[in-house]
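Number of protein chains: 2
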Amino acid sequence: MKRLLLISNSISYGKGYLDHCEDAIMNFLGEIRSLLFIPYALYDLDNYFSTVEKRFGKMGIKTSPIHNADPLEAIKKAKGFFVGGGNTFRLLKKMNDSELIKPMRDAVLNGIPYIGISAGINLASPTIKTTNDMPIVFPGSLDALNLISFQINPHYIDPDPSSTHKGETREQRIKEFHEENDTPVIGLYEGSWIRAENDSITIEGKKGAKLFRKGEKPILLKNGPIVL
Amino acid sequence: MKRLLLISNSISYGKGYLDHCEDAIMNFLGEIRSLLFIPYALYDLDNYFSTVEKRFGKMGIKTSPIHNADPLEAIKKAKGFFVGGGNTFRLLKKMNDSELIKPMRDAVLNGIPYIGISAGINLASPTIKTTNDMPIVFPGSLDALNLISFQINPHYIDPDPSSTHKGETREQRIKEFHEENDTPVIGLYEGSWIRAENDSITIEGKKGAKLFRKGEKPILLKNGPIVL
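Going down the list, the protein sequences come from chains A and B. Going by this note's numbering, the first residue of the first sequence is number 1051, and it counts up by one from there. Going by this note's numbering, the first residue of the second sequence is number 1051, and it counts up by one from there.
Treat the hints as calculated values from the structure; they're not laboratory data. There may be inaccurate statements among the hints.
In this list, chains with the same sequence are indistinguishable; a pair is considered to hold if it fits within one copy or across any two.
Unchecked claim - Cross-link-like lysine-lysine pairs, in silico, DSS-like; alpha carbons within 25 angstroms at most: (1) Lys-1152 - Lys-1257; (2) Lys-1272 - Lys-1216; (3) Lys-1065 - Lys-1143; (4) Lys-1065 - Lys-1225; (5) Lys-1065 - Lys-1216; (6) Lys-1152 - Lys-1129; (7) Lys-1144 - Lys-1052; (8) Lys-1257 - Lys-1225; (9) Lys-1065 - Lys-1112; (10) Lys-1225 - Lys-1129; (11) Lys-1225 - Lys-1272; (12) Lys-1126 - Lys-1257; (13) Lys-1143 - Lys-1264.
Just chain A, with the same shape it has in the complex (with noise of 0.2 angstroms):
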């Protein structure tokens, strides 16, 4: 019993915060009304609650940020998490500091659901080593909560073949990363989500994604339920 929404970006071109995911999590949330929202990928705490209180506010869905509570308490409380996006390294820095890694998994292996947008879908992945962020602090471990069996690059974005700069594509880079390890990587298109539940894994909203398998070609993948 393990639920899991992993969406791949928060905003979308010419929308605004979540409106393009809003029927998604209220659709995976079911009667659930109450989130703890973990806000530390972003530097301004406070800040970001404050919005993420008032777009859930207009859905009906309270929020209360683990920051202003005792942490541990508040993951056993909470009827489900929200992870917002930001930077990963500092979010799994904190989640690390404060030793809140096995109990998170822990709840969320119980049933507690779990929405997780941009770094918050690298945390809910066995390692952020696909996360596209810089490495701003050092989060004394790569390991993350290791709710799936897959890795996932958020804000996944097909190679510009009219581009004259010489940094490595985000293929390039997940090749880089298939170098060193074996783990299934879904580049996850702006606009597209994963909706994990227990063993089942569909691939939902606007554009699909990409998954990309050690040594072998990338494939597209349509909306729907894949095997990985």
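On the provided structure of chain A, position chain B as indicated by the hints.
Quick look at chain B alone, frame taken from chain A:
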């Protein structure tokens, strides 16, 4: 007595490997005709060395690869270092695993010239916290050679005003770095390099650079000496 040539990128659009910076490398090396090559940022070390050996051979420079030697002895005997690009986390992990950070730092502080490109300039910085690379392996620490007093972001690129992608821009990532760190960051455009000789720092090449200081607006740096 400390000499570094720190090059943003090894291939410029439409040119071959090292073509855009060949003159700068020759000028920097002066009478030196042999380099110890550090290929650890890429996966296939022998293949990487083959490319480097040929390219430097055309310039009359003999290169020898650290991975075919006793690395500590090779560092002690080197007349100059060339640290090539690739994945910075992989590069730093191999340097840490082999305990090469201190010996290499000592050699450069004793006057052995250092040429670094891309990941090789992240390695010369105080930390690798301003790399663009994916954290595909855990390097044990983010501390690097600390041969300069500032951070460099290689392959620096300005935000694209026409983009509909909502992932962080490079400027936003460097701003996140300054939420957690104080060190100035030089965003080095592709085609540019920095010559650092003792306390003298000079921007050279095609396009200049951008200086980011904590809490201040970024400043465009033209070619020429700069004071940090």
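Going through the numbered hints above, which ones does this structure break? Give me the numbers in ascending order.
When the structure is compared with the hints, numbers 1, 3, 10 and 12 turn out to be violated.
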